[in-house]
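2 protein chains.
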Amino acid sequence: MSYTLPEFLAHAIAMEDEAAERYLELADMMEAHRNDEVSALFRDMHRFSLMHRDAIRARVGSIELPRLKSWEFRWRTPPEMGDEDAFDYMLDAYHALGYARDNETRALQYYRSVAEESSDADVKRLAGEFATEEDEHVAALERWIERIHRPSETWAQDPAHRA
Amino acid sequence: MSYTLPEFLAHAIAMEDEAAERYLELADMMEAHRNDEVSALFRDMHRFSLMHRDAIRARVGSIELPRLKSWEFRWRTPPEMGDEDAFDYMLDAYHALGYARDNETRALQYYRSVAEESSDADVKRLAGEFATEEDEHVAALERWIERIHRPSETWAQDPAHRA
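Top to bottom, those sequences are chains A and B.
Under my numbering, the first residue of the first sequence carries the number 1, and numbering increases by one thereafter.
Under my numbering, the first residue of the second sequence carries the number 1, and numbering increases by one thereafter.
Bound-form chain A, shown alone:
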């Protein structure tokens, strides 16, 4: 975790870019499913990710950034993916929000560990700032998950739904 500043910035940009693309897909999917409220949330998240990415790019300026491996920044594919089932599964706002939350949590954990372990002062400070931002994203998604899916008695009793 001894990132140089260019390595760290490359990760941050790739992660924001990836998040932006995924939020756009989720927004389109929710729109197709006529869930305008959650679609609007995902469009906001898409815009925030782009804004954050552009802010980081502005900071990069002429620094040359390394190329990263896909698994260093890509979102996970949804769990239980396979054929049509995955699509049906992801159409559900609750699952789409949970998927986004899990991926944002990974980003949060990444930034936190960099902030804790880096020996470069700039990297340390930036990673801390970005972790705070991700923390807000995770919290926002959590609130929506709560709101969308107010568990009924029956649902809460089903062990399959206790994540």
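Hints were generated in silico from the structure; no laboratory data involved.
Careful: at least some of the hints might be erroneous.
Each pair may be met inside one copy or between any two copies, as identical chains are not told apart.
Unchecked claim - Derived EDC-like pairs (lysine to aspartate or glutamate); straight-line CA-CA distance at most 16 Å:
1) Lys69 x Glu18
2) Lys69 x Asp88
3) Lys69 x Asp28
4) Lys69 x Glu31
Using the hints, position chain B against chain A.
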């Protein structure tokens, strides 16, 4: 699974493109790890994926293809991904080959199910052909996994290594 021909072709192209990119990453990673033999295998797989993608593109001609969601064609991220551990984990040829094999198996399953369930004769035939091709990729990766990791007595006795 009632794909139209354009839908099916879009999936096939995206899957080959994704595989090509991932094989290139795996090849670079193995090269950095000085495993030239496995690196060469991944470079071959990269080239085969590109050739197959281009062959499908040639068939597409002027047909307009739909845009897909990332989870319909992307490879999974490696299991147990997190910080540096994932990189160390993936540097191991055995794990890199297993990761590729698992992703190719998903492609194989996808093509097989399309071949079985499609009502479009062209889609059915093409999906069957592509499944055969994926089957060969999976078999090739399996042979390499066998070869790279000839289990010693000790290793075979460790339950952690029985996948």
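For each hint, the structure was consulted:
no., hint, in the structure
1, Lys69 x Glu18, "both (13 Å within a copy, 13 Å between copies)"
2, Lys69 x Asp88, "between (30 Å within a copy, 13 Å between copies)"
3, Lys69 x Asp28, "between (27 Å within a copy, 10 Å between copies)"
4, Lys69 x Glu31, "between (32 Å within a copy, 14 Å between copies)"
No hint from the list above goes unmet by this structure.
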